[in-house]
Amino acid sequence: MAKKQRVAIVGVGYSTVGRNTGLSLDELTAQSSIAAMEDAGITPKDIDGVAVHSFPHQYVSATHTAAMLGIPDLDFYSSSIDGAAYSVAALHGIAAVASGSSEMCLTLRTVHRAGAAGGAALLQAGAAEGISSNAQFSMPYGSFTGSHWAGLYMQRHMAMYGTKEEDFGAFAVAQREYAIRNPTESFFTQPLTLDDYMNSRYIAKPLHLLDCDYPVDSSSALIFTTEERARDLKQKAVFFDSWAMGTTKEADFSLVEDMTHSSPWMAAKRLWSKTDLKPADVQTAGLYDGFTFIAMQWLEALGFCGEGESGAFVTAGNTRANGSLPTNTDGGACNVGRRHGANFFIEVTRQLRGTAGDRALPNEPKVGVVSNAVGGFAACALLTTD
Amino acid sequence: MTQQAAATPPIPAPTKLTSFFWEGAKQDKLLIQQCNSCQKFQHWPEPVCHHCLSFDLGHGEMSGRGTVYSYEIATQAFDPYFEDKLPFVIAVVELEEQAGLKLITNLVDFADDQLKVGAAVEVTFRPLTDEFNLPVFRPAAG
Chain A
1 MAKKQRVAIV
11 GVGYSTVGRN
21 TGLSLDELTA
31 QSSIAAMEDA
41 GITPKDIDGV
51 AVHSFPHQYV
61 SATHTAAMLG
71 IPDLDFYSSS
81 IDGAAYSVAA
91 LHGIAAVASG
101 SSEMCLTLRT
111 VHRAGAAGGA
121 ALLQAGAAEG
131 ISSNAQFSMP
141 YGSFTGSHWA
151 GLYMQRHMAM
161 YGTKEEDFGA
171 FAVAQREYAI
181 RNPTESFFTQ
191 PLTLDDYMNS
201 RYIAKPLHLL
211 DCDYPVDSSS
221 ALIFTTEERA
231 RDLKQKAVFF
241 DSWAMGTTKE
251 ADFSLVEDMT
261 HSSPWMAAKR
271 LWSKTDLKPA
281 DVQTAGLYDG
291 FTFIAMQWLE
301 ALGFCGEGES
311 GAFVTAGNTR
321 ANGSLPTNTD
331 GGACNVGRRH
341 GANFFIEVTR
351 QLRGTAGDRA
361 LPNEPKVGVV
371 SNAVGGFAAC
381 ALLTTD
Chain B
1 MTQQAAATPP
11 IPAPTKLTSF
21 FWEGAKQDKL
31 LIQQCNSCQK
41 FQHWPEPVCH
51 HCLSFDLGHG
61 EMSGRGTVYS
71 YEIATQAFDP
81 YFEDKLPFVI
91 AVVELEEQAG
101 LKLITNLVDF
111 ADDQLKVGAA
121 VEVTFRPLTD
131 EFNLPVFRPA
141 AG
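Chains as they are written, first to last, in my numbering: chain A, 1 to 386; chain B, 1 to 142.
A few of these clues could be false.
Once the Cα atoms are required to be at most 20 Å apart in a straight line, the calculated SDA-like pairs of lysine to any residue come out as [claimed, not checked]: (1) Lys116/B x Thr384/A; (2) Lys45/A x Ser101/A; (3) Lys205/A x Lys85/B; (4) Lys40/B x Gly60/B; (5) Lys116/B x Glu166/A; (6) Lys236/A x Thr384/A; (7) Lys40/B x Glu257/A; (8) Lys26/B x Gly64/B; (9) Lys116/B x Glu257/A; (10) Lys249/A x Ile81/A; (11) Lys116/B x Met158/A; (12) Lys29/B x Pro45/B; (13) Lys116/B x Tyr161/A; (14) Lys205/A x Lys40/B; (15) Lys249/A x Ala99/B; (16) Lys26/B x Asn134/A.
Worth flagging that the hints you see were computed from the coordinates, not collected in a lab.
Generate the whole structure from the sequences, applying the supplied hints.
Structure representation (structure tokens):
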């Protein structure tokens, strides 16, 4: 019987990323996979596992990806279209390596900018027949996209805890400070002021344009393996200390029981139950910012601040480079574009390796946390280095 | 640019699970799926009761009274039908019949200073098309 393996991140890579790359999902996927293999110093013959997450309307197959890359034979594969974005592929890959189902697993998230928001594009595709899915209870009300639950979550937090739009803005402003130091990846390299944020147009008040991540074509790849294999590879190994998913009993984001305590709270509670580490041990965070408020719900759920206090925590500067918890040090998805969760795993890995360049944190972090999604489903993980 | 025919709204395609909701709305009734075994309500409709796992499901008529759980003011349409309706209010309303029983809806006839989380509301019905009425909510009378 195989014993549980310690799981290491040994390779990370991105594709070309842009608003209109002209690259197919497969081309993007191949680019990021090759970049991650080069980063790890391995070849396709070393890989025996592939875990992919994609949108159903932008489907990427794990077995086809393996064939495309010349991976001879897979011991494990997974092609998820359900749940918490890249972190689903990540947690499948972690579980595969930890259990001995895979010795070297490539994990992927590839997304196209066009149609990624889903609702409106899907409606237009099927408008003539009407809406047979449960979207028949939302779309006739003009509720189509993630922005339409995001505004509701923000308003609820504001009503329950006195959070202000400026608090969400403070998060966007702090992220931009990091983005300026990441000019090769960030699409935005000019300083952002709170006035700029407040003057950005509303999408669904209180949600501003600058609360939203930046839709792009992208593919992100990370390679996981066992501790034993990791010791022989070229990068300093970063390990998964613990990991967890969480869901709510209501699958629809707008109908969850408690918008201010959605799936991140379930995942975070489970994460801390699986480790001896405490929130105070965490030195950097990569918290999903599909919308600013999501990262802020994670700050509360993971215990970095009190319940309802994320607005004050962020406004006090705690997520900035000199704050108590430097957060989203690559600039976050609002600045580097929608990598759909993978950039947080990649950037925290780079911080723990000590390869974050101008963004390297002076405290040389050895413990970091990553998270993905909100609402109906979420996942998170703790990363460490020796 | 030539003016096209007026944009059509997103139209439900009722299924055997959901047709009661739209048939009720057509008669100005707010019907919600109800378990004939444990009497609990659930929305959206499902083939099985998630409280007791019974397949014996019907529906019950709501009073139409509830409270605003959250709301937002939509300022971008995402679909041509909503372009000339901006801004409008999207909300989640919690119905009085059962804690946590909520639906996505629109708030109508609200003055700006009435819009708040926790506001008391009552259902009213607005035509979506000739075939469909949409349950929406207005400030509760009195």
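Comparing the hints with the structure gives:
1. The suggested pairing of lysine 116/B with threonine 384/A is violated, with an alpha-carbon distance near 44 Å, which exceeds 20 Å.
2. For a cut-off of 20 Å, the pair hint linking lysine 45/A to serine 101/A stands: about 16 Å separates their Cα positions.
3. For the suggested pair lysine 205/A and lysine 85/B, the alpha carbons sit about 15 Å apart, so the restraint of at most 20 Å is met.
4. As the CA atoms of lysine 40/B and glycine 60/B are separated by approximately 10 Å, the hinted pair is consistent with the 20 Å bound.
5. For the hint pairing lysine 116/B with glutamate 166/A, the CA-to-CA distance comes to about 19 Å; that is within 20 Å, so the pair holds.
6. As the CA atoms of lysine 236/A and threonine 384/A are separated by approximately 11 Å, the hinted pair is consistent with the 20 Å bound.
7. Taking the CA atoms of lysine 40/B and glutamate 257/A, the gap is about 16 Å. The hint holds against a cut of 20 Å.
8. Taking the CA atoms of lysine 26/B and glycine 64/B, the gap is about 15 Å. The hint holds against a cut of 20 Å.
9. Distance hint between lysine 116/B and glutamate 257/A is fulfilled; the C-alpha atoms sit about 19 Å from each other, no more than 20 Å.
10. Of the pairs offered as hints, the one joining lysine 249/A and isoleucine 81/A holds, with about 19 Å between alpha carbons and a cut-off of 20 Å not exceeded.
11. Between the alpha carbons of lysine 116/B and methionine 158/A the distance comes to roughly 11 Å, so the proposed pair stays at or under 20 Å and holds.
12. In summary, the hint linking lysine 29/B to proline 45/B is supported, as the alpha carbons are separated by about 16 Å, within the 20 Å threshold.
13. Taken as a hint, the lysine 116/B and tyrosine 161/A pair is honoured in the structure, with Cα atoms around 14 Å apart against an allowance of 20 Å.
14. A C-alpha spacing of about 34 Å is found between lysine 205/A and lysine 40/B, which places the hinted pair above 20 Å, so the restraint is violated.
15. Pair hint lysine 249/A plus alanine 99/B holds up; C-alpha atoms about 14 Å apart against a cutoff of 20 Å.
16. Taking the CA atoms of lysine 26/B and asparagine 134/A, the gap is about 18 Å. The hint holds against a cut of 20 Å.
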